[in-house]
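Participant: For reference, the chains in residue letters:
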Amino acid sequence: MKDTGCFDYQMTRRRMLQATGASILGMPVARLLAASGQTAAAKAEHVILFWNGGGMSHVDTWDPKPGRPVQGEFSAIDTSADGIQISSIFPNLAKQMHHCALVRSIAGTNGAHGRATYELQTSYNMDPSLIHPGLGSIVVHEKNRLGDLPAFITINGQAAKSGYFGQSCSAYFIGEPGEKDPYLSFPTGITSARGNKRLDLLARMNARATGKTGVTDFKATDTAIKEAVSLMKSPALKVFDLDKEKPDTLARYGDSDFGRGALLARKLVETGVRFVQVNRGGFDTHSNNFPAMENHALEMDPALAALVEDLAATGKLESTLVLVLSEFGRTPRINNNAGRDHHARCFSCLMAGGGVQGGQVIGASDKDAMEPAERPVKPSDIHATVCHALGIDHEKEVYTPQDRPMILVREGAEPVHELFA
Amino acid sequence: MRGVVAIGVACLGAVVAADGATVVDRQLVADNQAREDGRIIPGQPLGDLAYLRKATIDVIGRIPTFPEIEQYQKWPKAKRRELLLDHLFKGKGLADRWTIFYADLLRIRSRAEGGNRLLAYVHQSIEQNRPWDEMARELIAASGSSGNTPSVGFLLSDESDPMTMAGATAQVFLGVRMACAQCHNHPFDKWRQKQFYELASFFGKTKQIESRLSSKTYVTEGEEMKVLWPPERRKPKERFPVVPKFPFPVEDFSVKPDYLKRLEALRAGEALALNKHKESEALDALIDSSGGKKGLGIGVEPVALSVSKESREDIRKLDVKGDLYRKSELRRQLADHVAGPQNRYFARNMVNRVWAELMGRGFYHPIDDYQGEVTHPKTVDYLCDEFVANGYDLAHLIRVVMETDAYAKSTLNADVELEDIDISRSAFASGTKRRMLSEVLYDSVVVAGHLQDHKWPKGANIREVERRVRVPLDTEPEDKIELESEPESGDGKMVPKKPKANPYNLEEVISLDFDQLVKSDLDRDIGMMKAKSDQEIEAERLAEMARKKNSVRRRYTYETVVDKVDDNPKFSSSMRMSTPAPPTHFLRVFGQPSRDGLGEFRDHTPSMRQALMMLNGKATHEAARVGPYEPMHRLLTGKTKNLAKAIELAYLEILTRKPSADELAEAEAVLGQAPLEGMADLRWALLNSHEFRYLP
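Line by line, the protein sequences are chains A and B.
Heads up: the first sequence is residues 1 to 421, going by this note's numbering.
Heads up: the second sequence is residues 1 to 696, going by this note's numbering.
Just so you know, these hints were derived from the structure itself, not from any lab.
The structure displayed is predicted, hence computed values, not measured ones.
Every residue, glycine too, gets a C-beta built ideally from N, C-alpha and C.
Take the hints with a grain of salt, since some may be wrong.
What the hints assert, rightly or not - Chain A residues, not near chain B, derived (Cβ > 12 Å throughout):
no., residue
1, Val70
2, Ala107
3, Asn144
4, Val229
5, Lys238
6, Lys267
7, Ala313
8, Ser319
9, His342
10, Met370
As the list claims (entries may be wrong) - As a list, the in silico SDA-like pairs of lysine to any residue whose alpha-carbon atoms are at most 20 Å apart:
no., chain 1, residue 1, chain 2, residue 2
11, A, Lys244, B, Tyr558
12, A, Lys219, B, Ala414
13, B, Lys433, A, Ala251
14, A, Lys180, B, Asn505
15, A, Lys212, B, Pro675
16, A, Lys180, B, Ala414
17, B, Lys190, A, Asp127
18, B, Lys658, A, Ala209
19, A, Lys197, B, Leu676
20, A, Lys180, B, Glu464
21, B, Lys433, A, Pro401
22, A, Lys212, B, Lys194
23, B, Lys235, A, Thr109
24, A, Lys219, B, Thr432
25, A, Lys212, B, Lys658
26, A, Lys212, B, Glu466
27, A, Lys197, B, Ala674
28, B, Lys570, A, Gly189
29, A, Lys180, B, Thr584
30, A, Lys212, B, Tyr558
31, A, Lys212, B, Ala50
32, A, Lys219, B, Asp422
33, A, Lys219, B, Gly360
34, A, Lys197, B, Pro675
35, A, Lys180, B, Glu466
36, A, Lys212, B, Phe248
37, A, Lys238, B, Tyr558
38, A, Lys212, B, Glu691
39, B, Lys433, B, Glu691
40, B, Lys645, B, Pro675
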């Protein structure tokens, strides 16, 4: 009875109740129906989140304003999607825009990195009384794990915390894509025969302790060790090895750490990983915004384009939601240091796959990309949208270890249904 | 001299403590009788060795060594535990271990402005046994830069924002979550939004300034009240400065309680001792500012640590001019409200936090959310009275708790009903299983495996290690940036810089020099003038940008090179490294908090990552291997070979107990024909066992 992608370290009483469906009692019938309808429509099984830390300029990426003084140094280029233009620094991605949708009217409220990052990753505002789980933790809490690999993997940086879901729902991290993780095999000099003998001895010792005391933490640790050992021995581990990739493939992804991250992300979802987060920092361009953004695009453009193209070619894009997100946008007005400052009131994100209809733009900003002009989207609506795509009821009630009731995505969040039209 | 006073207090504490613990146990029984919520089954008292292990871990943050076990067993049985505590509380480990406690409490972050100095300040304060109320006063009232006043790091790390500081003050010092009231009147709480604003306005004139001249950030006091009412989001026509008001109810002292008289007597004695030691500057500050409330320590100004006489005069001069570091009268008042004996929240908060740290659960939950009720009111009252009467002495409080029978109880076994286990634990009649803190686990692996020093002769472990290096495909002139002079070769030959640290760097520990960190840099601070012009700074940034741009464009491939290394590592204590560790570090994986926001606690839940780090990590592996320089070696080889003794030593060194007959037989089978390898296997398993990482 595995209803979660989190490592099932503790079958708590609460989890039992949830698993047996007790938590949906008391839900209004209308919502139950709505929820089931949405579930039937859900196509996505995996998510790849590109998290761009620092606040990525929306004008220089997904929401160019040609002819306006705010446009800055880049022009706008036509894309494979009729009538949709993006910034000229994404020439490869422009050819894949018929697979992609843009939301150009995210109306954020937090202008400081810490608070905004927290909100854009968890849907909640920071709360001094508890830590909310990030989007990846929510997804793997609700969707079961497929295969031996962890359900939630983060590359080149950290994902949001798992908060009240505990460590079992936290992300498994990959330092540098393509590098061997020494913790996934026995230490140097320990043959697998000897390593296995050690594990047997340890299992005997721990079984005695667990049996005698009945301490639940012991049982949970036993499970964690079991999970670790099965990962160490899993044939699926070969997916982390990028050395066997054709040089052509590496080149198409841009032959950078970021590109390798994107390539690994693709391979991971193909192997069954539910949620992959690829991190990139350095978007806090208070000065010299344009050379910095150009550099970012040099790595991002080939990587994102190749990823979307490859996923589409194999049909995997239908079940994989790709999301490019940042904590906020940047001021359309260019400051005296040729930079742009924090701008939360209006910014954009890119989505592709997982049932999202490509080649469309949701919402619009005003003429200078200062404020949403049409269909404002709350940050939490993005999280509700991801849940919707995966068939997760974003209003589901869950309990913290202190038995405090919480709902998965902040109250009032609504999926952006037009994306799936 | 503070040190002398501190020792005096500590000795006094030791005498009272023995009685204190007995009273605590009596109060617990009385409180439990009043609760009547089910069958309470007492846990077995811990045996002597289990107590040694638990107490050593809790006071100095690691398991006991074999010589320490031997010493303990030589002490007369009746006095063993007392002598042990005397010994532990005198040692250096106390400050290391309990700095972690304060660092979690105060959310100390090395990367924040003044973070490392705040960490060193806390460490030094514990070493000197400085009273918690005095520390709290300094943390709240400090002005200046972290270079001359390390305690100001508490404000700096939250950018001295009045709203954040109000939330932190309530939660950290008083155990009350008030921050929700920043935005709204809480539906279930008694705290109103206006009260939150009134608390925040104590910080309302505080200014944090980033000096472009000295490239320093410092805290000072301005004229203007920044906290205005009504809140902006209500879009009022006009907003008015808020008048500071402390929202928490205070004790009625119209009849002086006994604990207050004792505190006054203690503080009067301290002042006298200070007098005798002619530290007149420090004393001047103490007496000048304590005004009418002398002897209570109320209004004690921060005494900058190790500041030269001249520098101190410089600070005063600056103050007179109303220049750089203006003191805050508002925050001094707040410090009085928060840390004064009339504020019961302050003592209760610390009592509950220390109790929870040592007993696995507090008298209220979560430990920063006091809602007016505690599970054991008489016990809490007694502990609070004693804490105040003993001059807010943290070490004394820790010791009282550790001397109780409640502390020395085992957990109940699997044959007891779950419900009864739960009730007995919450009654503190049986123990609660606690996992070692991540730092403690790390240090205990190091100690158990004799890794503080090299345990192999030089050159005994030469092996070849494959390493991947990144090689640029197009060699541009900029590639020179990647090269550096090899300092040891002497001929200035350019060799490629090693691109990455060892793959096990997730267990790497680099210690901070706390002593250096608490030294004042005031001279430099005042003397230092403009180092770089704005144009220079700008030019540097452009150059950096250009360099980055070029490096991004470069294509590269990977090649494997083979290094010869002598695998003979030694490990430092993790207790002095910059904190929190990087997110993927051993310490973080085992639950060290990020300390980014309020309301985050150590996460002690197990995870697969933790399992992988212990099963395959460098520290466990090296700790398990038997080096010739450790005592174990001679029991496994040659004439002195004695396998039974060796196995006993392994159990003692790792689990602080002797093996049972069955365990001995099991281990003998493991050692078999290859005792050195077999012992490594046995030790590896013991280090990975539940019994190792969970306290008795």
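Participant: Hint by hint, say whether it matches the structure.
Facilitator: Now for the hints, and whether the structure bears them out:
no., hint, result
1, Val70, "holds (22 Å)"
2, Ala107, "holds (16 Å)"
3, Asn144, "holds (16 Å)"
4, Val229, "violated (8 Å)"
5, Lys238, "holds (17 Å)"
6, Lys267, "holds (18 Å)"
7, Ala313, "holds (25 Å)"
8, Ser319, "holds (25 Å)"
9, His342, "holds (15 Å)"
10, Met370, "holds (20 Å)"
11, A:Lys244 to B:Tyr558, "holds (12 Å)"
12, A:Lys219 to B:Ala414, "holds (12 Å)"
13, B:Lys433 to A:Ala251, "violated (53 Å)"
14, A:Lys180 to B:Asn505, "holds (13 Å)"
15, A:Lys212 to B:Pro675, "violated (30 Å)"
16, A:Lys180 to B:Ala414, "violated (41 Å)"
17, B:Lys190 to A:Asp127, "holds (18 Å)"
18, B:Lys658 to A:Ala209, "holds (16 Å)"
19, A:Lys197 to B:Leu676, "holds (15 Å)"
20, A:Lys180 to B:Glu464, "holds (17 Å)"
21, B:Lys433 to A:Pro401, "holds (17 Å)"
22, A:Lys212 to B:Lys194, "violated (54 Å)"
23, B:Lys235 to A:Thr109, "holds (16 Å)"
24, A:Lys219 to B:Thr432, "holds (15 Å)"
25, A:Lys212 to B:Lys658, "holds (18 Å)"
26, A:Lys212 to B:Glu466, "violated (45 Å)"
27, A:Lys197 to B:Ala674, "holds (14 Å)"
28, B:Lys570 to A:Gly189, "holds (19 Å)"
29, A:Lys180 to B:Thr584, "holds (15 Å)"
30, A:Lys212 to B:Tyr558, "violated (52 Å)"
31, A:Lys212 to B:Ala50, "holds (17 Å)"
32, A:Lys219 to B:Asp422, "holds (17 Å)"
33, A:Lys219 to B:Gly360, "holds (18 Å)"
34, A:Lys197 to B:Pro675, "holds (15 Å)"
35, A:Lys180 to B:Glu466, "holds (11 Å)"
36, A:Lys212 to B:Phe248, "violated (47 Å)"
37, A:Lys238 to B:Tyr558, "holds (18 Å)"
38, A:Lys212 to B:Glu691, "holds (12 Å)"
39, B:Lys433 to B:Glu691, "holds (10 Å)"
40, B:Lys645 to B:Pro675, "holds (12 Å)"
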